[in-house]
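**Q** Chain residues, written in single-letter form:
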Amino acid sequence: MKKTPLYEAHVKLGATIGEFGGWEMPLWYKTGQIAEHNSTREHAGLFDICHMGEFIVTGKDSFEYWNRLLTNKISRVEDGQAIYNFMLNEAGGVIDDCILYRYNAEKWMLVVNAGTQDGDYEWLKQQAFGDVKVENIGPETGKLDLQGPSAPKIIAEVAGKESIEEMKFFRFIPDFDLGGKKVILSRTGYTGEVGFEIYCDIDDTAEIWEMLLDKGAKYGIEPCGLGARDTLRLEAGLPLHGHEIRPDIPVVGTPWEFAIDRDHDFIGKDALEESEGDYFSYAVITEGRRKAGDHSKVILNGEEIGILTSEILAVSLEKKPAGYVRVEKELPEGTEIELLNEKGRSFKTVTAATPLVKGTSRKKMAIFLD
Amino acid sequence: MSYNIPEKLRFKDTHEWVEDLGNNTYRVGISDYASKHIGDVTFVELPELDSSVEAGDTECVVETVKSSEDIFFPVSGTITAVNEDLEDAPENVNDDCYGEGWLFEIKADDSKAFNELMSATEYAAFLEEQE
Chain A
4 MKKTPLYEAH VKLGATIGEF GGWEMPLWYK TGQIAEHNST REHAGLFDIC HMGEFIVTGK
64 DSFEYWNRLL TNKISRVEDG QAIYNFMLNE AGGVIDDCIL YRYNAEKWML VVNAGTQDGD
124 YEWLKQQAFG DVKVENIGPE TGKLDLQGPS APKIIAEVAG KESIEEMKFF RFIPDFDLGG
184 KKVILSRTGY TGEVGFEIYC DIDDTAEIWE MLLDKGAKYG IEPCGLGARD TLRLEAGLPL
244 HGHEIRPDIP VVGTPWEFAI DRDHDFIGKD ALEESEGDYF SYAVITEGRR KAGDHSKVIL
304 NGEEIGILTS EILAVSLEKK PAGYVRVEKE LPEGTEIELL NEKGRSFKTV TAATPLVKGT
364 SRKKMAIFLD
Chain B
184 MSYNIPEKLR FKDTHEWVED LGNNTYRVGI SDYASKHIGD VTFVELPELD SSVEAGDTEC
244 VVETVKSSED IFFPVSGTIT AVNEDLEDAP ENVNDDCYGE GWLFEIKADD SKAFNELMSA
304 TEYAAFLEEQ E
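Keeping their order, the protein sequence lines are chains A and B. Mapping the first sequence onto the working numbering, position 36 (from 1) lands on 39, and the numbers just tick up by one. Mapping the second sequence onto the working numbering, position 72 (from 1) lands on 255, and the numbers just tick up by one.
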């Protein structure tokens, strides 16, 4: 199993380590997942995300290349802007979900999930044509996510308020000076809160981690594990690859339709049109204090119509059980359905609009810096 | 990672601890290893008082933010006590797993099943294999 440069730091902080996508990662630290989750919603959380993959694509044909490979409207992206995308196979299934960063029309960075990055690299190389060069910079790139309403103040503490006060959601600064270290500072994240994804030289990761924890101490920063990352992203209405979105399921009828631009041709588009109406995905909130559990079936009027794809206790919603279902019937918001778990126990759940928790991610940067 | 493993307890391979209270009565909880690995406990579904239970069965669930963990009865017998304080303070299972975080007590017919459980030393070796 692979380890990030911060593995020893996590162990020293008392982290419980677990496996994720072939990596040994912190699940939570001593204070626990609930405290980490709340710290990110209220103050700031720092996450080791070095396990994710990064690719640089250059060349005159790269704009056409991305239009063919990705689902979102790449043509509306300016230099210094990022955009969330699905990368589909011919059957309309999701090879991966990813963020594309545009440096300029001939230089781009694609950021992908940990467990899928090797397959992604093969696919990216296989699909290359004309003047398109794909470079895997994952092994030499570190990634830290600093998220939460105090995140801007912590960056300002290190780099000055003026360096970020104009920064909008889904914009990035390629050569950002973070306390003497050159990083890519991106105003993106996976928590629903305002914050940054920071890409750095892998050898600088430990120093930047220490620096941010140190500067963030007075703002109540907590190191956060993958446990809090999962509860935060689910509440924020974001999917997890391998669960809500998968290579073997065409991505139709989801709350993430905003990532699919039907006005351009891309791999998998025809399959999506053919599969329209086959699947629908919804967030759900369950009664009581117990989760239904993995592999639960979704039942409507005695008929099995789908499965539960993720489930947590929603920490910011009074710890109510919440999750996502994928079903074969269109259900209005507020529809009561049943989750039937492997032990035959039934739970009442209700479809809900996403996001379940509306965070600060899109608010003006300036309000966090006063 | 190091774990607290009290000498006086015995352990099941599914990470329950068992304390001999005398008179074939046993108190049960989950080990430090288990409490660290399942994460924050939010709710405990306790077995029914006075019900008779079979070793290896489960009628007790520890619910965490991410998972639901079945607790397996380490011995057969009758449930003579359950820790009702966990209703309001489920976090005791994380904070004090060998003390305030106990789950239930069983009165067994004899001490045979208890004696077959792992000693603290055996459990420590078992955890080392797991890591």
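No lab work stands behind these hints: they were computed from the structure. Check the hints yourself; a few may be wrong.
[To be verified] EDC-like, lysine to aspartate or glutamate: derived pairs with alpha carbons at most 16 Å apart:
hint, chain 1, residue 1, chain 2, residue 2
1, A, K346, B, E274
2, A, K33, B, D253
3, A, K346, B, D240
4, A, K33, B, D215
5, B, K249, A, D297
6, A, K33, B, E274
**Q** Each hint needs a verdict: does it hold in this structure or not?
**A** So, going through the hints one by one against the coordinates:
The suggested pairing of A/K346 with B/E274 is violated, with an alpha-carbon distance near 26 Å, which exceeds 16 Å. Between the alpha carbons of A/K33 and B/D253 the distance comes to roughly 23 Å, so the proposed pair goes past 16 Å and is violated. Proximity of A/K346 to B/D240 is assessed by CA-CA distance (about 13 Å); at most 16 Å being required, the pair is judged to hold. The suggested pairing of A/K33 with B/D215 holds, with an alpha-carbon distance near 13 Å, which does not exceed 16 Å.
Straight-line distance between C-alpha atoms of B/K249 and A/D297 comes to about 10 Å, which keeps the hinted pair within the 16 Å bound. At roughly 13 Å between alpha-carbon atoms, A/K33 and B/E274 fall within 16 Å of each other, so this suggested pair holds.
Hint compliance for this structure: hints 1, 2 are broken, all remaining hints hold.
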